[in-house]
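J.: Spelled out, the chains give:
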Amino acid sequence: MRVIQFREALREAMSEEMRRDQNIFLMGEEVAEYNGAYKVSQGMLDEFGAKRVIDTPISELGFAGIGIGAAMNGIRPIIEFMTFNFSLVAIDQVINSAAKMYQMSGGQFGVPIVFRGPTASAGQLGAQHSQAFENWYANTPGLKVVVPSNPYDAKGLLKSAIRDNDPVIFMESEQMYGDKGEVPEEEYLLELGKAHVARAGSDVTVVSFGKIIKTVYAAADELAKDGISVEIIDLRSVRPIDYPTIIESVKKTNRLVVVEEAWPLASISSEVSYMVQKEAFDYLDAPIKRVTTRDTPLGYAPTFVEEFLPNPTRVMQAINSVLYRN
Amino acid sequence: MAKEKFNKETYLNWYEQMLMMRRFEEKCAQLYGQQKIKGFCHLYIGQEAVVAGLMSAITKDDKVITAYRDHGHALGCGVTPNEIMAELYGKATGCSKGKGGSMHLFSKEHNFFGGHGIVGGQIPLGAGIAMAEQYNGTKNVCVCFMGDGAVRQGALNETFNMAMLWKLPVIFVCENNGYAMGTSVQRTTNLEDIYKLGLAYDMPCGPVDGMQCETVHDAFAEAVARARNGEGPTFLEMRTYRYRGHSMSDPAKYRSKEEVEEYKAKDPIERVKAVILKKKWATEQELDAMEDKVMAEVNASVEFAENSPFPTAEDLYADVYQQEDYPFIIE
Ligand SMILES: Cc1ncc(C[n+]2csc(CCOP(=O)(O)OP(=O)(O)O)c2C)c(N)n1
Ligand SMILES: [Mg+2]
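These protein sequences, in sequence, are chains A and B. If you read the first sequence in the working numbering, its first letter stands for residue 10, the second for the next number, and so on. If you read the second sequence in the working numbering, its first letter stands for residue 17, the second for the next number, and so on.
It cannot be assumed that every hint is accurate.
[Said to hold, decoys possible] Sample of chain A residues at the chain B side, in silico, Cβ under 10 angstroms:
hint, residue
1, E38
2, Y43
3, T65
4, I67
5, E69
6, G71
7, N94
8, A136
9, Q137
10, L274
11, R303
12, T305
13, Y309
14, A310
15, F317
[As the list claims (entries may be wrong)] List of simulated lysine-lysine pairs, DSS-like, C-alpha gap at most 25 angstroms:
hint, chain 1, residue 1, chain 2, residue 2
16, B, K76, B, K24
17, A, K48, B, K273
18, B, K269, A, K48
19, B, K309, B, K296
20, B, K269, A, K60
[Said to hold, decoys possible] A few chain A residues that face chain B, going by a derived Cβ cut-off under 7 angstroms, partial list only:
hint, residue
21, S68
22, L70
23, D304
24, G308
25, F313
Keep in mind that the hints were calculated from the coordinates and are not lab data. For clarity, every value in this text was computed on a predicted model and none was experimentally measured. The C-beta atom is built at its ideal place from N, Cα and C for all residues, glycine as well.
Sequences are here, hints too, so could you generate the full structure?
T.: Written out as structure tokens, the structure is:
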């Protein structure tokens, strides 16, 4: 199968959908003439023109709200945030308008919109540029929240997100844009809200999503040398969360670790742990463990980045602990 | 054009200050290439006259706040090259203890209220810093910098309105360097005269040639006097230019070589140097000696940064709360 970059997979998803549906436009900072701050939208201005690939001023609150208004009136905007750190300037419109509109209007005004861009840390960028808000958005009824971890998923999920009639938050990573992976030439869609059993295993279940799942693959590879079989579930979506897939896996392996690049309090890992203890308590052979970032903002120094993030060693320790190994 | 009211000392100060900003950042660019400095790093090269002209117009008790393009402002406020370079290296001896990096230089000691990374985030903060001065009945002012891109944040409008309503002693300064990343001012507005944003609030406002220390100084001096007299804010649009890309990773293909050369021909450092030589306030040799002194300080700052320790992993938990025994979740 052909291999393409994560950013190309996203570009293909947007371009294919824009060719199919004239009502879709892409709007955000530097998306058009600069070809995207991270080159995701490279060439799209040339193909679709300035009416459909729209550069904005640095006015997140304004263009998020303008996108939502357009969506209420028949357009299907894709709004790019240069990173989700900057979406905080716009979050009022996302939470108070996009997420509420359909219910508030008694089902009259839907908001078919996608807000997409990179999330979480990307090296030594300091505290204001290193944040993960997946759980913030996932907390809000009315939104769907998708977090792909590889090019194949990114393309199939983004196409579905664009076709979805509800507002979708679609969270990528600066550090994944250059990642390569197999993506078929033929069209395909991946259903939103369904987790993917990325690797089947029998000894322990590890649930994760987004970029940080790579630490789980690395840990699982290492543990495989000792004969430990890790089942890895890639959530793909954190609202809704595909509980049946998780529960079924835990009933098989009887042990669970959740790995997440986010602060621990009230995180996706807290939520998954709650539901699993409630639905599969009798199947658990060990307390659930999680690996999150440290409970602090991420400062600039390299020593902080090293300490802050989940890494394969910490994931292995968590897995060993639920397996009661050394 | 030299005006008589600026004396020898002022010119020599401007020259030395701007030379320090320029040479310090040229060194930063080198060190970034060597991966000694990481993350986002935005150079101020070309815009130095704005900070130099400000510093001759305010006192050490006045407050300064800006965005992430903050090396020049920190140096101007008196933060030492050592502390800044160490911060860029992420070392514990840096002015933000290695926690901030290039975008988040801070120095309470020098009344520098920081470099801020969310575009426009510092605009209300600047007004708040001024409000505290007003509240305490001081005569100090706050100078609040922002870019031409930042003026498009909604926070500007809310802040301008309240600053005028309450006559806060704040000077809002847009450093219009023509571009917000790859986006020129023309492409984001039908109101290209950014200073006119002040008109909507009846805020005294105007454009200033930001490539000349003299014009910058005069504009600040007038605005500062107004603020100290309790007459409230001013909005200045400093017309300036950055010679380099937006950050170290931007090749700046969106503008022409000719445009860059046009501004370089107006270089503020060369201009001040020409006045000094013409007035015979210093000889070429004396200026060369000054340059050697600046370079020695820059090189010493690199040495200092190299020899300083990184903060420890445990320091991640320091300075998050003032409470000493805050119960972090530790797993
Ligand atoms: C709210 C927000 N949106 C987007 C960004 C990304 N960003 C960082 S700098 C920048 C351009 C700002 O340009 P300008 O205000 O003109 O300042 P300059 O870089 O020219 O000094 C952008 C879009 C950000 N940091 N914060
Ligand atoms: Mg600018």
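J.: Hey, does the I67 (chain A) contact hint survive, CB to chain B under 10 angstroms?
T.: Nearest chain B Cβ about 5 angstroms off; hint holds.
J.: Using 10 angstroms as the Cβ threshold, decide whether E69 (chain A) counts as touching chain B.
T.: holds (8 angstroms)
J.: Should the interface hint for Y309 (chain A) be scored as holding, given a Cβ-Cβ cut-off of 10 angstroms against chain B?
T.: holds (3 angstroms)
J.: Does the interface hint hold: is T65 (chain A) within less than 10 angstroms of chain B, judged Cβ to Cβ?
T.: holds (8 angstroms)
J.: Tell me if L70 (chain A) is really an interface residue toward chain B, meaning its C-beta lies closer than 7 angstroms to one of theirs.
T.: holds (5 angstroms)
J.: Let's test the interface hint: is any C-beta of chain B closer than 10 angstroms to that of F317 (chain A)?
T.: With Cβ-Cβ at 6 angstroms, under 10 angstroms, it holds.
J.: Could you check if F313 (chain A) really has its C-beta closer than 7 angstroms to a C-beta on chain B?
T.: Because about 5 angstroms separates F313 (chain A) from the closest Cβ in chain B, which is inside the 7 angstroms limit, the hint holds.
J.: Quick check on the hint: D304 (chain A) CB to chain B CB, less than 7 angstroms?
T.: Since the shortest Cβ distance to chain B is 4 angstroms, the answer is holds.
J.: Hold the hint about G71 (chain A) up to the distance rule: shortest CB distance to chain B must be less than 10 angstroms.
T.: holds (7 angstroms)
J.: Assess, step by step, whether the Cα of K309 (chain B) is no farther than 25 angstroms from the Cα of K296 (chain B), and give holds or violated.
T.: With Cα atoms ~20 angstroms apart, K309 (chain B) and K296 (chain B) stay inside 25 angstroms; holds.
J.: So if I understand the rule, the pair passes when the alpha-carbon distance is 25 angstroms or less; does K48 (chain A) with K273 (chain B) pass?
T.: holds (23 angstroms)
J.: Should the interface hint for T305 (chain A) be scored as holding, given a Cβ-Cβ cut-off of 10 angstroms against chain B?
T.: holds (5 angstroms)
Figure legend: structure checked against the earlier numbered hints; every hint is met.
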